[in-house]
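Student: The listed protein sequences derive, respectively, from chains A and B. 1 is the number of the first residue of the first sequence in UniProt numbering; add one for each residue after it. 1 is the number of the first residue of the second sequence in UniProt numbering; add one for each residue after it.
Keep in mind that the hints were calculated from the coordinates and are not lab data. Hints are not guaranteed to be accurate.
[As the list claims (entries may be wrong)] Okay, the calculated beta carbon distance ranges per label pair:
(1) B:303 <-> A:111: 48 to 56 Å
(2) A:160 <-> B:290: 56 to 64 Å
(3) A:229 <-> B:112: 49 to 57 Å
(4) A:364 <-> B:232: 35 to 43 Å
All of these numbers come straight from a predicted model, not from anything done at the bench. Using N, Cα and C, we set each Cβ at its ideal position, and we do this for glycine too.
2 protein chains.
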Amino acid sequence: MTASAAATENSIALEQDAFVAAVSDQLGVFLSEKGALLASISADTLVLVDSIKTLVTGGKRMRALLCYWGWRGAGGAPDAAEVVMAGAALELFQGAALIHDDIIDRSDTRRGGPSVHRAFATLHAERRWALDEERFGHAAAILTGDLCLSFSEEMFASIGAEAGSRARAVFNLMRAEVMAGQYLDILEEVSGPSKPHNTAVSRASAIIRYKSAKYSSEHPLVLGGALAGGSAKLLAGYSEFALPLGEAFQLRDDVLGVFGDPAQTGKPAGDDLREGKRTVLVGLTIDAANDADRKFVDSHLGRQDLTAEQIGRLCAIMVDSQALAGTEAMISVLSATAFAALAELPLAADVSAALSALGHAAVSRAS
Amino acid sequence: MTASAAATENSIALEQDAFVAAVSDQLGVFLSEKGALLASISADTLVLVDSIKTLVTGGKRMRALLCYWGWRGAGGAPDAAEVVMAGAALELFQGAALIHDDIIDRSDTRRGGPSVHRAFATLHAERRWALDEERFGHAAAILTGDLCLSFSEEMFASIGAEAGSRARAVFNLMRAEVMAGQYLDILEEVSGPSKPHNTAVSRASAIIRYKSAKYSSEHPLVLGGALAGGSAKLLAGYSEFALPLGEAFQLRDDVLGVFGDPAQTGKPAGDDLREGKRTVLVGLTIDAANDADRKFVDSHLGRQDLTAEQIGRLCAIMVDSQALAGTEAMISVLSATAFAALAELPLAADVSAALSALGHAAVSRAS
Chain A
1 MTASAAATEN
11 SIALEQDAFV
21 AAVSDQLGVF
31 LSEKGALLAS
41 ISADTLVLVD
51 SIKTLVTGGK
61 RMRALLCYWG
71 WRGAGGAPDA
81 AEVVMAGAAL
91 ELFQGAALIH
101 DDIIDRSDTR
111 RGGPSVHRAF
121 ATLHAERRWA
131 LDEERFGHAA
141 AILTGDLCLS
151 FSEEMFASIG
161 AEAGSRARAV
171 FNLMRAEVMA
181 GQYLDILEEV
191 SGPSKPHNTA
201 VSRASAIIRY
211 KSAKYSSEHP
221 LVLGGALAGG
231 SAKLLAGYSE
241 FALPLGEAFQ
251 LRDDVLGVFG
261 DPAQTGKPAG
271 DDLREGKRTV
281 LVGLTIDAAN
291 DADRKFVDSH
301 LGRQDLTAEQ
311 IGRLCAIMVD
321 SQALAGTEAM
331 ISVLSATAFA
341 ALAELPLAAD
351 VSAALSALGH
361 AAVSRAS
Chain B
1 MTASAAATEN
11 SIALEQDAFV
21 AAVSDQLGVF
31 LSEKGALLAS
41 ISADTLVLVD
51 SIKTLVTGGK
61 RMRALLCYWG
71 WRGAGGAPDA
81 AEVVMAGAAL
91 ELFQGAALIH
101 DDIIDRSDTR
111 RGGPSVHRAF
121 ATLHAERRWA
131 LDEERFGHAA
141 AILTGDLCLS
151 FSEEMFASIG
161 AEAGSRARAV
171 FNLMRAEVMA
181 GQYLDILEEV
191 SGPSKPHNTA
201 VSRASAIIRY
211 KSAKYSSEHP
221 LVLGGALAGG
231 SAKLLAGYSE
241 FALPLGEAFQ
251 LRDDVLGVFG
261 DPAQTGKPAG
271 DDLREGKRTV
281 LVGLTIDAAN
291 DADRKFVDSH
301 LGRQDLTAEQ
311 IGRLCAIMVD
321 SQALAGTEAM
331 ISVLSATAFA
341 ALAELPLAAD
351 VSAALSALGH
361 AAVSRAS
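Using the sequences and the accompanying hints, generate a full structural model.
Tutor: In structure tokens, the structure reads:
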């Protein structure tokens, strides 16, 4: 690395740290105010805000950072309040999505700790309350997610983006698309086995586009650009970079969900297989596997009672069918497409370097 | 009725009908646009918007109408677009709340038809999809509710109320309060039996204030007034009318939930008792009943397997303990307080008459 590249990297890191700290402060102040509001209703409801606080304290802030560099790339100032609020709104939206996702996927852990519904079920058990602890956990988590979704929107509305503005349109589109994508995801879990196996990959690709790539990558970057008044051409260029990047990111997530180290991912081994996620990795597997192996995959994916041996066989089929290698190849192609598009964008060197670093971290991470 | 009173009643009915039709049109156009968006993702996701459409087509539009007369009472014009959008946003919010409520309460019916999670479970069964139909139903309904909540906010944002405006503050407060109130509701179901029975009524009163009265009555009326630029004094007067009215409305709902005619309410007999709702009616019962009856109530409320005989005994205890009579007395007192406050409001005769009619319908209804 040259001295000038090192200096750029250092200044990017400082700028990112300042932004991330500002987003955390914004979330902290906002959630404290909401805690005071809920306390005025009943101290018993404070646990809702505390759950949200715990959840949004963690995380990599990837969406907020993409929004930030989208903003900076379109000429936004480094220390502007709007982009901090937008970043906080994205983090709250992600929090809401995770709370409800974990109910849907029956995930008991999140970022190494208990998921929200699990934490409420534990509270129920500890207090020896009446009726069913699981049901209470789910109900409380549905409400916590709803509250977090409202908070996200309230935070976004506080920016004051006009009703017909591009930024508002992106925010609206993001929410509708991710919910539609999540529905396609659960639909594929139940209807996938009865559909042709040679279209499984294209179905899985559509799911990750809407459930993940647009929501986690494209829309945050474009939102930042739109808030700063970026041109339609610039925002289209953002999409050309961020959409394939987001797809590669989700493919990496799917690989880690099966082959990742539980100590690093914070999720138990085989969790994605028990959830029955019909990912591109699974699609490639059932498309390429022999009949016996395909039948084994179809009849075991989504079973809560999978044994370590069954998980081992599922992993072996994914490797032997070249599905894992195929997924890694797709990650490479999508990454190359994304970074080629990034190189074409008319961005200042520091913005370009920051987006490049974020992108590389997203597709080659281990957790 | 005098000729002039009849003329007023007729003109109110015409004006209300025009507003309700405008809200329905607004919802129809909006949901058609959202249907087109979802269809562009995948035709499979259209069912999400269709579920919302079915749900928001029914209902009494009580919240939208309160918003409307709040707007008119503060000088808003009869045919303004803002209040139509606000009414549509409130109806969408109510739709989202109902979808998630029905999951939480395990209610299989809504307005005489299947609830959303039940409809998705039936779809799963009809298509003979894999894995569990109940789980799919819940997951799909969580996502549909989230989508509907986002739609509500998108509709409200399209009004263009400024970030720091009173109307936006009311909309934000409404959402946080109702979610906190719903949490207190499910918390009381599980923790109520272990708390002192002589405070059950005051706990149940706090729940209906936040879960229902503020959300269904006070906030819609104040929202309409705030959008039209009503004075702080007028809006405070609105609260003095609408808060006790909303409490009386919910007490009526609780009575109907136990003693109502299933043919008229559209809910099976005993549904509220199986759900284990710890209403004011229940609070009065366990406070006044003898030890044996109280024990029977505490050990049977919330059981999914209640027999007709057990439901009959629960109802008998509510009557014999004078809890039903006490609830009716509370409805009378709250109604009188509300209508006395209404009489003090500086409103035109038609607005006052419209709010009076809405109020009387809310507290003396049979469905």
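Student: All hints, please: hold or fail.
Tutor: The hints, checked one at a time:
At roughly 37 Å, the beta carbons of residue 303 (chain B) and residue 111 (chain A) sit outside the given window of 48 to 56 Å. Checking the proposed 56 to 64 Å range against residue 160 (chain A) and residue 290 (chain B) shows it holds: the Cβ atoms sit about 60 Å from each other. For the hinted restraint 49 to 57 Å between residue 229 (chain A) and residue 112 (chain B), the CB-CB distance of approximately 50 Å keeps it satisfied. Range check, residue 364 (chain A) to residue 232 (chain B): Cβ separation about 57 Å, and the 35 to 43 Å hint is violated.
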